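*Asks:* Chain residues, written in single-letter form:
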Amino acid sequence: KAGVTQTPRYLIKTRGQQVTLSCSPISGHRSVSWYQQTPGQGLQFLFEYFSETQRNKGNFPGRFSGRQFSNSRSEMNVSTLELGDSALYLCASSGRPNTGELFFGEGSRLTVL
Amino acid sequence: AQRVTQPEKLLSVFKGAPVELKCNYSYSGSPELFWYVQYSRQRLQLLLRHISRESIKGFTADLNKGETSFHLKKPFAQEEDSAMYYCALSVTGANSKLTFGKGITLSVRP
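Top line first, the protein sequences correspond to chains A and B. With my numbering applied, the first sequence covers 1 to 113. With my numbering applied, the second sequence covers 1001 to 1110.
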């Protein structure tokens, strides 16, 4: 089985722009979670989707949003980018929701200038 | 709210030495605890979960509810164990999510 695939792998944006990141889960997995990883804060939960429904959301401002499509692929969007949004964004999939057994992608590294 | 604490950022040992990576958690209910590992230039992956009570790559971890700890142990470290290790907690229910500790870098010297 192919692993979790995230695109793009690297991107550079400027303050005020918006960005969309994509995640394709492992085939058959319907649950997708997103995490932000920074050197200072570590891994922080953003949101979890299952069957196109957001099940959980972390403590991030409304500029961070996401969605899941009928084929389980997921996107996350960050609007009005700030310097502090520079991070590695990790997507993870699992075969069922509410589980800590996650399969991670390699991440999308966002740099905001 | 749940919290995971990994008190140390770096542990450096010689090959063959015992290893203990500390993890403490705070949660009033019944959590599920996990250890994730990230080897150099590889993606984050699950190492073990407390429910399985199994040994993976020689590592074991016992959930101690009295001390709210889930320390990761290995009796004889190998150079290939060098990696970043994260302890994580999952709470089942409507507000479930995976809460990670800040992680610890394990360096095993030859």
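Where hints are given, some of them may not hold.
To be verified - Computed cross-link-like contacts, BS3-like style, restricted to lysine-lysine with a CA-CA straight-line distance of at most 30 angstroms:
#1 Lys1102/B - Lys1073/B
#2 Lys1065/B - Lys1102/B
#3 Lys57/A - Lys13/A
#4 Lys1057/B - Lys1022/B
#5 Lys1009/B - Lys57/A
#6 Lys1022/B - Lys1073/B
#7 Lys1073/B - Lys1057/B
#8 Lys1065/B - Lys13/A
#9 Lys1102/B - Lys1057/B
#10 Lys57/A - Lys1022/B
#11 Lys57/A - Lys1057/B
#12 Lys57/A - Lys1102/B
#13 Lys1009/B - Lys1102/B
To be verified - Pair ranges (Cβ atoms, derived):
#14 Lys1015/B - Ser79/A: 48 to 56 angstroms
#15 Ala1017/B - Lys13/A: 28 to 36 angstroms
#16 Pro1075/B - Thr53/A: 32 to 40 angstroms
#17 Gln1045/B - Gly28/A: 32 to 40 angstroms
#18 Ser79/A - Ser1055/B: 43 to 51 angstroms
#19 Lys13/A - Ala1001/B: 26 to 34 angstroms
#20 Pro1110/B - Gly40/A: 28 to 36 angstroms
#21 Gly42/A - Ala1017/B: 38 to 46 angstroms
#22 Ser1052/B - Gly28/A: 15 to 23 angstroms
#23 Arg15/A - Phe1014/B: 40 to 48 angstroms
Just so you know, these hints were derived from the structure itself, not from any lab. It should be emphasised that the depicted structure is a prediction, and the values quoted were computed from it without experimental measurement. Quick reminder that beta carbons are idealized off the backbone N, C-alpha and C, glycines included.
*Asks:* So, for every hint listed, does it hold in this structure?
*Replies:* Cross-check of the supplied hints:
Note on Lys1102/B and Lys1073/B: the hinted pairing holds, with a Cα-Cα distance of about 18 angstroms set against a maximum of 30 angstroms. Annotation: proposed proximity of Lys1065/B to Lys1102/B holds, straight-line Cα distance about 21 angstroms (limit 30 angstroms). Between the alpha carbons of Lys57/A and Lys13/A the distance comes to roughly 25 angstroms, so the proposed pair stays at or under 30 angstroms and holds. Straight-line distance between C-alpha atoms of Lys1057/B and Lys1022/B comes to about 18 angstroms, which keeps the hinted pair within the 30 angstroms bound.
Taking the CA atoms of Lys1009/B and Lys57/A, the gap is near 28 angstroms; set against the 30 angstroms cutoff, the hint holds. Restraint check for Lys1022/B and Lys1073/B: the C-alpha separation of about 9 angstroms stays at or below 30 angstroms, so the hint holds. Annotation: proposed proximity of Lys1073/B to Lys1057/B holds, straight-line Cα distance about 11 angstroms (limit 30 angstroms). With a C-alpha separation of about 45 angstroms, the suggested pair Lys1065/B and Lys13/A falls outside the 30 angstroms cut-off, and the hint is violated.
Note on Lys1102/B and Lys1057/B: the hinted pairing holds, with a Cα-Cα distance of about 22 angstroms set against a maximum of 30 angstroms. Distance restraint check for Lys57/A and Lys1022/B: the Cα-Cα separation of roughly 28 angstroms lies within the 30 angstroms cut-off, and the hinted pair is therefore satisfied. The hinted pair formed by Lys57/A and Lys1057/B fails the criterion: a straight-line CA distance of about 34 angstroms is larger than 30 angstroms. Simply put, Lys57/A and Lys1102/B have alpha-carbon atoms about 20 angstroms apart, close enough for the 30 angstroms limit, and the pair holds.
Between Lys1009/B and Lys1102/B, the direct Cα distance comes to roughly 8 angstroms. Compliance with the 30 angstroms bound is thereby established for this hinted pair. A beta carbon spacing of about 49 angstroms between Lys1015/B and Ser79/A agrees with the range 48 to 56 angstroms that was offered as a hint. Hint check: Ala1017/B to Lys13/A, Cβ distance near 45 angstroms, so the stated range 28 to 36 angstroms is violated. As the Cβ distance of Pro1075/B to Thr53/A is approximately 45 angstroms, the hint placing it in 32 to 40 angstroms is violated.
In this structure the supplied range 32 to 40 angstroms is violated for Gln1045/B paired with Gly28/A, their Cβ-Cβ distance being about 18 angstroms. In this structure the supplied range 43 to 51 angstroms holds for Ser79/A paired with Ser1055/B, their Cβ-Cβ distance being about 46 angstroms. With their beta carbons about 31 angstroms apart, Lys13/A and Ala1001/B fall inside the hinted range of 26 to 34 angstroms. Against the hinted window of 28 to 36 angstroms, the Cβ-Cβ separation of Pro1110/B and Gly40/A comes to about 32 angstroms, which satisfies the hint.
Checking the proposed 38 to 46 angstroms range against Gly42/A and Ala1017/B shows it is violated: the Cβ atoms sit about 26 angstroms from each other. Roughly 21 angstroms separates the CB atoms of Ser1052/B and Gly28/A, a value that falls within the hinted 15 to 23 angstroms. Separation of Arg15/A from Phe1014/B is about 47 angstroms and conforms to the stated range, judged on CB atoms against 40 to 48 angstroms.
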